[in-house]
Amino acid sequence: MKERKPPNGPARSHGNSGTVPPTSMVLAAYRFPHGDAMSNRLLHLARSATPEGATVLVVNDWPAGAGRPDPSPDLPPGVRLITLTGGGGRRPGRWLHQRTRPLRALVALRRAGLRTDQFTAAYLPLGLWTLTTWAVLRVALRCPLTVDVVERHDPEQFPRGRLAPYFIRHRWSAFLAGRTADRVIAISETIERQFLRRGRRTMVVPPQVDCADYGDPAPPSLHDGLRLLYAGSAGPKDLLAVVLAGIRLLPPADRARIRLVIAGMSREQATDVSDLDEGDLAALGEQVTILGRIPRRQVLAELSRAHFSVLVRPTAGYAQAGFPSKVPESLAAGCPVLLNHTSDLARHIVDGREGIVLAGHGAEDVREGLVRALALSDAQWWRMSRHARERARSFDYRSWRLAVSRFVTDAGRATGAGNSTSAASSSSSRR
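Residues in the sequence shown are numbered consecutively from 1, following our numbering.
Quick caveat, the hints were computed from the structure, so don't treat them as lab data.
Virtual Cβ for every residue (Gly too), placed ideally from N, Cα, C.
Any given hint might turn out to be false.
Quick list of the computed label-pair ranges, beta carbon to beta carbon [unchecked claim]:
#, residue 1, residue 2, range
1, R160, E364, 31 to 37 Å
2, A282, P92, 19 to 25 Å
3, E278, R386, 35 to 41 Å
4, F158, L284, 44 to 50 Å
5, V350, A301, 26 to 32 Å
6, F158, D277, 18 to 24 Å
7, D117, P159, 25 to 31 Å
8, D117, P220, 56 to 62 Å
9, D36, A212, 20 to 26 Å
10, P159, R267, 38 to 44 Å
11, P21, T315, 17 to 23 Å
12, V139, R398, 33 to 39 Å
13, D410, A256, 26 to 32 Å
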């Protein structure tokens, strides 16, 4: 398709869906399709919300300062992409660029030869849900609008508490979505209950994966040591300092058998954004390897070589509301998880089956979990790995396609009824 230049930046169209016209639209503003956690979330959500044989269109407003988008992104069948670019410059220009996002998206549709009345559903993440965006899409598309909510922030997460600008924007978007969205997709039951109280039709959809993306696990023998992996950009809620403290509590002989790989952020980012400091890292020396930001294929390779993916989080409200995407990704790779139960994880991770469940989120809890991991035989680990891959099937987007596609396109049901469809649609993943 020939590229054209709408106002405020070019639009680049990609896709491998042949001549099948898209029936649903996703509005995004991330490093789509594989540049960050939200990109992965929206990609799999788009696939699960698209019936077999249909096509979904993702209109992605590439974020400023994120480098250049891939000119030929690897898109799965049924996904078509239009990338909007050009949002740099000074702060007033960036602000205006963000506020005109829905209008620029509609211009891109027109230039691509698409009609606004051909879509039966549209959905976007909570972070993009503004009054202007809702109003423009409501008038132009005239189809059910679904918001995807993956987190709920608490004032305690921010130095300025309730006065933090990000916190104010987040709560305002949630307030609007609770009163204007036709459908709500919630990543956890905690968020589901929040929107049911506001009378929104809500469905719980945990993080999804494509199990076909993952190869067979190939870790070294446990006799050669225990290999742990943390993959992602850690924030304060990801208690990496507690993980390192738990390792240091081990006897010297056991401690020497452990290697921790941190992938997804540099050493400077780890000490600046997460709860780590240089003292934590220096205390374990070469036992901790920090890879920085690496391509997705390398992340998958690290998962295949790890014995456990580690994730320790507090039991605070914001951790209960979210659902770590690292968990289904690790399970799909056949990498068991070493974690404590937060959110809905207890429905999916059984201690000793898909991983090792810690009693809490303290350093002593981590130490006890590592002692158990170090005591495993290779045969016991492989059995745990097989269970992990079996559990991952319940997170595969294909398992959700029928329920999610019906949910986002069902215009015949009255909106605002406060109905939950999560119990029926999610039953297979909650056993």
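The hints, checked one at a time:
1. R160 <-> E364: 31 to 37 Å: holds, 33 Å
2. A282 <-> P92: 19 to 25 Å: violated, 44 Å
3. E278 <-> R386: 35 to 41 Å: This hint holds: roughly 40 Å between Cβ atoms.
4. F158 <-> L284: 44 to 50 Å: Distance hint for F158, L284 is violated at roughly 30 Å.
5. V350 <-> A301: 26 to 32 Å: Taking Cβ atoms as reference, V350 and A301 lie about 27 Å apart, which means the hint holds.
6. F158 <-> D277: 18 to 24 Å: Cβ of F158 to Cβ of D277: about 20 Å, so the range 18 to 24 Å holds.
7. D117 <-> P159: 25 to 31 Å: violated, 47 Å
8. D117 <-> P220: 56 to 62 Å: holds, 57 Å
9. D36 <-> A212: 20 to 26 Å: Holds - the Cβ-Cβ distance for D36 and A212, about 21 Å, lies within 20 to 26 Å.
10. P159 <-> R267: 38 to 44 Å: violated, 23 Å
11. P21 <-> T315: 17 to 23 Å: Given about 47 Å between the Cβ atoms, the range is violated.
12. V139 <-> R398: 33 to 39 Å: holds, 34 Å
13. D410 <-> A256: 26 to 32 Å: The hint (26 to 32 Å, Cβ to Cβ) is violated, given that D410 and A256 are roughly 57 Å apart.
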